[in-house]
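Student: What follows is each chain in one-letter form.
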Amino acid sequence: MDWLFIQDIFRQMLVGIPLTLELTVVSLLAGFVLAGLVQALVSSRHGIIRRPAAAYVELFRGTPLLLQIFLIYYGLGQIDLLRQSFLWTLLREPYWCAVLALTLNTSAYTAEIIRGAVQAVPPGEIEAARSCGMSGLLLRRRIVWPIAIRHGLPVYSSEVIQMVKATSLASIITLNEITGITYRLASDTYRVIEIFTVAGFIYLSLNFVVSLVFAVVERFLNGHLADRRT
Amino acid sequence: MMLPLETLQLLGFGPGGWGLPLLSAAGVTVFAAILGFGLGSALGVIGASLKLSRHIFPRLLGQTYTTVVRGVPEILIIYLFYFGGSLWLTGIMNIGGFDGFYSLPGLATGVIAVGVVSGAYQTEAFRSAYLRLDRGQIEAGRSCGMSRGLLLRRIIVPQTLHFALPALGNIWQSALKETSLLSVIGLTELLRQTGIAAGSTHQPLLFFSVAAAAFFLIGRITGRLVRRVEDHMNKPWRR
Amino acid sequence: MTSDLQQAARANTAAVPAISVDGLHKHFGTHEVLKGIDFQAHDGEVVSILGSSGSGKSTFLRCLNLLEMPSAGRLRILGEEVGMKKVGSSLVIADQRQVDRLRTQVAMVFQNFCLWHHMTVLENLMEAPVHVQRRVRGEVRDEALAMLERVGLQDRAGFYPAQLSGGQQQRAAIARALVMRPRALLFDEPTSALDPELVGEVLKVMRDLASEGRTMLVVTHEMGFARDVSSRIVFLEQGTIAATGSPRQLFGGGVSERFDQFVSRFNG
Ligand SMILES: Nc1ncnc2c1ncn2[C@@H]1O[C@H](COP(=O)(O)OP(=O)(O)OP(=O)(O)O)[C@@H](O)[C@H]1O
Ligand SMILES: [Mg+2]
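Protein chains in written order, with this note's numbering: chain A, 135 to 364; chain B, 776 to 1014; chain C, -1 to 266.
Simulated from the structure, these hints should not be mistaken for laboratory data.
Among the hints, a few may not be true.
[Stated by the list, open to error] List of simulated lysine-lysine pairs, DSBU-like, C-alpha gap at most 35 Å:
hint	chain 1	residue 1	chain 2	residue 2
1	C	LYS33	C	LYS84
2	C	LYS83	B	LYS826
3	C	LYS33	C	LYS202
4	C	LYS202	B	LYS1010
5	C	LYS83	C	LYS33
6	B	LYS826	B	LYS1010
7	C	LYS84	B	LYS826
[Stated by the list, open to error] To spell it out: a stretch of chain B is covered by chain A in this simulated footprint if at least three of its residues, at any positions, have a beta carbon under 8 Å from a beta carbon of chain A; those stretches are:
hint	region
8	846 to 854
9	857 to 863
10	956 to 969
11	986 to 993
Just so you know, even glycine gets a beta-carbon here, dropped at the ideal spot from N, CA and C.
Okay, chain A solo, but in the shape it has when bound (with noise of 0.2 Å):
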């Protein structure tokens, strides 16, 4: 092992990390939303609304992400009113396609992870509100939501783990996060162990982070079952 090119790849892959980092979080805050969204729509009792909503979810979660990024990052340049617009200042850029590509496809997982965990939710405790007067968003807002966020917490965090990793496929339309990096390095020495033992490790901690504070945040929610074992 040759310490000093490790130290080297290390610092050149440490480089790519806010990228990833940013991809990540931006793409997951806005997924989020959008996911709220459509999950709205989905519920919806209109089959016009619900239809199409359930479509999309469908047809995010059916086709490769890779895909899914072509198609932003060269398909969309064929639109002639895309291109006359203010957007195609955003969209001709290839971070911003990563941005779209990755938001919308994490919605589409999220809508479903949300949708999961508001079914979760034990009819007869909605029952007991009712009981007790509670409706509309005071039911959800106290009773519905806290006990969605409990079960969906777990799901909700391997979604934000395959988004970190998600990120990666934006090196394939030229932007250097850890993976971009780590390609170049690799066709440039061709040392191979070095080089994915430091880019698997990078990601390893960061999902290793991840993993963490969910669990925390779990713990943190979970008081009242902690508190019924001692």
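Start from chain A and add chains B and C with the ligands according to the hints.
Tutor: Same frame as chain A, but now just chains B and C with the ligands:
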């Protein structure tokens, strides 16, 4: 945008049509996915046995496999096998007296990479399915004088498979989509082939949409097949 | 077939006990559960094993089928000594083949039925005879169907366990044990997991088996069954046989103070 007739020609099988290359690329996608998933099943069984072992060392090995592979991007694993594979092959060829640079065929690299990733997820699927087995039913088998092998074949494998099937269905869908990443190491599967078509016709929107539709349909059809097997295997568990 | 069995039973009673244990010990870690048990069950005997919770009844029964390995002692099934060898400080099975063969001779009926859920009732019955005992499939099938009729499940052969009630599952489990043509049947609280109204149908099957001269060891909390059906009572306490004798002797009272206390808890 373009006229529908031209579109049909572009996607058709006639001269100047991309129908045939796209169809065969779809075949490559499905083939790579099946082989990768199959390799993943083998690795999954091995991984689950490691993780279920009574001894600490195999458990640690299995745990490392799933943690590492599930914690790093799939594309990184593909690159690893791509660069690592060609390094290894070149080394061997140079020792054998053949100079120059060699790389493994994209399909082989791709299948191995998809298999290794799929195997990590299948390890979890098999492991948790095994843990759901009813100990009493296994004991009943032992009490009837079943040998370890017989017990495995007649009781443990069928029931584990039954419990694992829903998760395996999801992992299959992931494997199918993951094959699209093999385009970056030069395997002419569906995504790469549509990329080529898009480039040479300047119709990316059309061709990538076609690829999306193809992936979606393949996923749907195979998903339905899995569901049918699931229904069949669920029969005993229904009341 | 019944008369065959009874003949065999009569011929063997004097000679070899179906099950015989000497100095059976079993501990889990430092916890000693069985502390030296000497016991014999002869052909045709119905032995009820009683005792409070944790006294080691299940452990004892499971040792006889070698689901638990004894820590010390000798075990003979049909006069054949079960080979065990010492590895470190514990015993292990010396010859797995022998054990697999003998297990079919002491068939176990479990508290939770433990039917295989991926097989129909008929497949459950045929599994061990065909795959362990390697008997001819067609014959086994006929015998299995006959056995199902005996326990009143002839119309449930093609059902899956999940589609049966608890009582039906337990009767099917008894039939599964019988198709192996065992020399003795071991029951571990066969009615404890059942709803009260389903207990009767299982006990009836067991009474029928007892009256046809089957060798049975029954761990039970059904005092009525123990008193009326069994030929002998074994009362376990803290891993030893605290009292044994005919139901008449023991239930008559005065033989063992502890047993009387135990019974009074049930009646009280
Ligand atoms: N696999 C095991 N590991 C550790 N301890 C065990 C094990 N099996 C049984 N024991 C212990 O051995 C003792 C006797 O258990 P056993 O199941 O034989 O009692 P039992 O008489 O059948 O009781 P019950 O009427 O509740 O079924 C108990 O204290 C139990 O905790
Ligand atoms: Mg017990």
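Student: The structure should be examined with respect to each hint, and the outcome stated for every one.
Tutor: Each hint, compared with the structure:
{"no.": "1", "hint": "C:LYS33 to C:LYS84", "verdict": "19 Å, holds"}
{"no.": "2", "hint": "C:LYS83 to B:LYS826", "verdict": "30 Å, holds"}
{"no.": "3", "hint": "C:LYS33 to C:LYS202", "verdict": "34 Å, holds"}
{"no.": "4", "hint": "C:LYS202 to B:LYS1010", "verdict": "31 Å, holds"}
{"no.": "5", "hint": "C:LYS83 to C:LYS33", "verdict": "20 Å, holds"}
{"no.": "6", "hint": "B:LYS826 to B:LYS1010", "verdict": "30 Å, holds"}
{"no.": "7", "hint": "C:LYS84 to B:LYS826", "verdict": "29 Å, holds"}
{"no.": "8", "hint": "846 to 854", "verdict": "holds (count 7)"}
{"no.": "9", "hint": "857 to 863", "verdict": "holds (count 3)"}
{"no.": "10", "hint": "956 to 969", "verdict": "holds (count 4)"}
{"no.": "11", "hint": "986 to 993", "verdict": "holds (count 4)"}
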